[in-house]
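*Asks:* Turn these sequences into a full structure, and let the hints steer you where they fit.
Number of protein chains: 2
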Amino acid sequence: MYNFEFQNPTKLIFGKGTIARIKDEIPAGTKLMLTFGGGSVKKNGVYEQVIDALKGYDVVEFWGIEPNPKVETLRKAIELGKRENVDFILAVGGGSTLDGTKLIACGIKYDGDAWELVLDNSLVKSGVQFASVMTMPATGSEMNSGAVISNLATKEKFAFYSYYPKFSILDPEVTYSIPEYQVSCGIADTFVHVMEQYLTTTGINSLMDRWAEGLLMNLIDIAPGIAEDHKNYDLMSQYMLSATMGLNGFIAMGVPQDWATHMIGHELTALHGVTHGESLAIVLPATMTVLSEQKKLKILQYGERVWGITEGSESERITKAIEKTEQFFRLLGLKTRLHELNIGEETIAEIERRFNERGVKLGECKNVTGTVARAILECAL
Amino acid sequence: MYNFEFQNPTKLIFGKGTIARIKDEIPAGTKLMLTFGGGSVKKNGVYEQVIDALKGYDVVEFWGIEPNPKVETLRKAIELGKRENVDFILAVGGGSTLDGTKLIACGIKYDGDAWELVLDNSLVKSGVQFASVMTMPATGSEMNSGAVISNLATKEKFAFYSYYPKFSILDPEVTYSIPEYQVSCGIADTFVHVMEQYLTTTGINSLMDRWAEGLLMNLIDIAPGIAEDHKNYDLMSQYMLSATMGLNGFIAMGVPQDWATHMIGHELTALHGVTHGESLAIVLPATMTVLSEQKKLKILQYGERVWGITEGSESERITKAIEKTEQFFRLLGLKTRLHELNIGEETIAEIERRFNERGVKLGECKNVTGTVARAILECAL
Chain A
474 MYNFEFQNPT KLIFGKGTIA RIKDEIPAGT KLMLTFGGGS VKKNGVYEQV
524 IDALKGYDVV EFWGIEPNPK VETLRKAIEL GKRENVDFIL AVGGGSTLDG
574 TKLIACGIKY DGDAWELVLD NSLVKSGVQF ASVMTMPATG SEMNSGAVIS
624 NLATKEKFAF YSYYPKFSIL DPEVTYSIPE YQVSCGIADT FVHVMEQYLT
674 TTGINSLMDR WAEGLLMNLI DIAPGIAEDH KNYDLMSQYM LSATMGLNGF
724 IAMGVPQDWA THMIGHELTA LHGVTHGESL AIVLPATMTV LSEQKKLKIL
774 QYGERVWGIT EGSESERITK AIEKTEQFFR LLGLKTRLHE LNIGEETIAE
824 IERRFNERGV KLGECKNVTG TVARAILECA L
Chain B
474 MYNFEFQNPT KLIFGKGTIA RIKDEIPAGT KLMLTFGGGS VKKNGVYEQV
524 IDALKGYDVV EFWGIEPNPK VETLRKAIEL GKRENVDFIL AVGGGSTLDG
574 TKLIACGIKY DGDAWELVLD NSLVKSGVQF ASVMTMPATG SEMNSGAVIS
624 NLATKEKFAF YSYYPKFSIL DPEVTYSIPE YQVSCGIADT FVHVMEQYLT
674 TTGINSLMDR WAEGLLMNLI DIAPGIAEDH KNYDLMSQYM LSATMGLNGF
724 IAMGVPQDWA THMIGHELTA LHGVTHGESL AIVLPATMTV LSEQKKLKIL
774 QYGERVWGIT EGSESERITK AIEKTEQFFR LLGLKTRLHE LNIGEETIAE
824 IERRFNERGV KLGECKNVTG TVARAILECA L
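Chains as they are written, first to last, in the working numbering: chain A, 474 to 854; chain B, 474 to 854.
Hints were generated in silico from the structure; no laboratory data involved. A few of these clues could be false.
A pair holds if it fits inside one copy or across any two, identical chains being indistinguishable in the list.
Said to hold, decoys possible - Straight-line C-alpha distance at most 35 angstroms; calculated DSBU-like pairs for lysine-lysine:
1) K793 to K834
2) K489 to K839
3) K496 to K582
4) K504 to K582
5) K484 to K496
6) K528 to K504
*Replies:* See the structure below:
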């Protein structure tokens with residue numbers, strides 16, 4: 474096992490009817506900013522519950538944080554936060570709203586332009602406290618310090634690290650109104666988050682392997698039931714909890730990580746607006762295929778423990794494990810091939826060019842260069 | 474899934490050579506009390522590493538917190554802490570040293586007698602900050618707020634809840650010098666901690682089931698290797714990490730819990746000084762047997778997923794799962810029957826009497842009364 478440090482201070486408040494608990498967690502007299510996405514929370518009753526719970530607080534609202542939040546939008550929220558002197562931000566929405574809020578919280582305490590913080594995380598010295606009412610499980614943002622921020626002008630999308638939410642409220646009932654496609658993307662996103670922390674060298678941390686496999690098996694178990702009934706409380710609770718546990722550091726203790734699939738997926742989103750979860754469903758099976766020799770032992774373990782694949786030669790079992798993975802995404806109703814989105818050579822060439830220009834070397838072994846990314850994308854055609 | 478709240482602020486610092494990190498975590502100028510057990514840390518080099526790391530701090534030492542820490546001992550440490558005005562306590566030792574330290578930390582800030590805090594946890598209003606250098610993995614105390622405190626005068630042993638350690642340093646190399654029997658007790662203790670949170674009603678939280686099963690399988694996987702080689706870094710890391718993860722709330726989210734086995738085991742310790750882990754190895758198989766109808770579905774799930782038991786009638790599979798559990802403890806070299814410790818009817822009658830007198834109703838279904846405890850102990854004879 475590798476040496477590691479772990480600390481996750483976020484308070485999770487999970488279950489039916491928990492939105493009303495906001496008022497117990499935010500001191501009276503706090504100057505609050507609420508941040509929102511496009512308005513779905515006004516349709517599903519979440520907005521009303523939040524406003525009810527916050528009676529008596531001095532509240533300012535910021536609307537319009539988009540999926541894959543853009544710094545162009547967030548700058549406006551930072552301006553508002555500075556002008557109104559807010560001391561606490563409550564993000565009400567999905568992972569994008571909360572990701573954006575993480576940059577807003579730091580941007581309010583920063584004199585320069587917020588994009589500088591994204592380009593150089595070490596410039597983050599302080600931030601306004603924030604918390605979340607999570608309405609769309611996927612990114613784990615509700616219990617980690619990370620975010621992904623895009624720049625419309627430069628067509629770039631980068632990771633950004635700041636602070637943990639003070640608390641996050643997860644009421645599975647709010648997920649009932651999420652469109653089926655978004656739920657599928659959330660499940661795929663969670664699945665791939667786990668894989669990024671799992672599909673590396675074998676034998677580093679057997680307990681983390683078991684927990685990652687447990688998360689994967691649980692997602693596989695619940696997906697068909699969710700496809701049938703979006704309002705099954707227990708299944709939607711599992712979806713919500715799994716998304717949080719998939720990326721809150723709990724399965725990352727003392728293990729190597731990969732993230733090549735995510736970095737390539739981000740480019741598809743940046744260039745074509747591909748939904749994040751779907752971009753991963755396209756890239757992951759191809760990454761596994763191209764790196765199957767390097768990841769051989771772990772793919773075999775994954776195949777056996779997660780999918781029960783025990784028969785056939787090593788090469789056959791590897792092929793089967795990758796097929797099962799792609800099939801899982803297809804059962805979720807997601808596309809798994811670039812040609813289905815009319816993405817082809819031009820995009821592959823652009824991503825290769827970008828990676829080469831940036832000199833990136835991605836993945837556990839730092840061997841996913843522009844050339845390897847091309848091979849992965851060609852495999853995903 | 475049940476509604477739940479989860480928050481665990483402890484910082485875990487895990488790995489080789491991490492004891493030196495203490496100084497980064499405790500502000501300069503802090504008036505420190507170090508708490509210790511019987512002196513094993515002077516033999517294995519831990520004391521030296523701690524003292525080296527704390528050069529420049531104003532330190533007072535308290536020695537002699539025994540296994541199953543007694544309030545009689547802890548009162549002396551509280552007196553010392555008050556007299557010396559300490560503002561931080563660093564427990565250097567095993568679960569007992571840290572458990573005792575949790576009461577010391579609260580006792581220093583309390584005007585009455587410390588046993589009152591144990592009898593009525595609601596009297597705990599504040600405590601001195603504390604942290605740990607954990608030398609004997611088992612109780613999970615390094616990452617939870619619980620403790621178990623004994624009273625020599627009244628022969629009682631009760632749970633006590635206070636605060637989380639600010640940080641805990643876990644260097645697996647310090648476990649190399651733990652006697653084999655103590656390692657076995659630690660593994661058994663961890664195994665039963667997981668079972669107390671797992672062996673309840675099925676279908677409440679499928680993800681927590683997977684994580685609990687992962688912990689159990691991991692303990693089963695590592696035990697033979699540890700029996701062969703106490704200085705295998707990777708295996709001892711697994712033992713140490715599993716002990717922490719087994720009782721830090723991570724597998725307790727939104728699930729019912731049991732703890733009847735522990736409460737009965739505590740009585741064996743209180744009356745006969747049976748080592749905690751061994752008391753659980755004796756009681757658990759008997760609890761499973763006596764409650765096998767109530768816990769039927771979960772025992773079947775446990776048998777199948779953890780032990781691969783898929784053949785035979787339900788009743789045969791249940792019997793086999795319980796046998797496998799007892800065999801696991803025996804492979805660890807632990808006793809699993811009361812008669813092996815010369816404990817018999819007299820003790821059973823006393824525990825029944827105590828439970829009846831206290832009117833306890835233990836376990837998930839609050840049906841483990843004095844009478845049921847008698848049945849369990851008779852089954853463990």
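*Asks:* With identical chains, the pair K489 and K839 could be close in the same copy or across copies; at 35 angstroms between alpha carbons, which is it: within, between, both, or neither?
*Replies:* Result: close only across copies, 25 angstroms inter versus 43 angstroms intra.
*Asks:* How do K484 and K496 come out at 35 angstroms by Cα distance, when the copy is not named: within, between, both, or neither?
*Replies:* both (14 angstroms within a copy, 27 angstroms between copies)
*Asks:* Could you figure out if K793 and K834 sit no more than 35 angstroms apart (CA to CA) within one copy, between two copies, both or neither?
*Replies:* Within one copy only: 28 angstroms inside, 51 angstroms across.
*Asks:* Using 35 angstroms as the alpha carbon limit, work out where K504 and K582 are close: within a copy, between copies, both or neither.
*Replies:* Answer is both: 15 angstroms inside a copy and 34 angstroms across each meet the 35 angstroms cutoff.
*Asks:* Checking K496 and K582: alpha-carbon separation at most 35 angstroms within a copy, between copies, both or neither?
*Replies:* Both, since 24 angstroms and 30 angstroms are each at most 35 angstroms.
*Asks:* Checking an output row: K528 and K504, CA cutoff 35 angstroms. Within, between, both or neither?
*Replies:* Within one copy only: 13 angstroms inside a chain, 44 angstroms across chains, cut-off 35 angstroms.
Against the hints set out earlier in the document, no violation occurs for any number.
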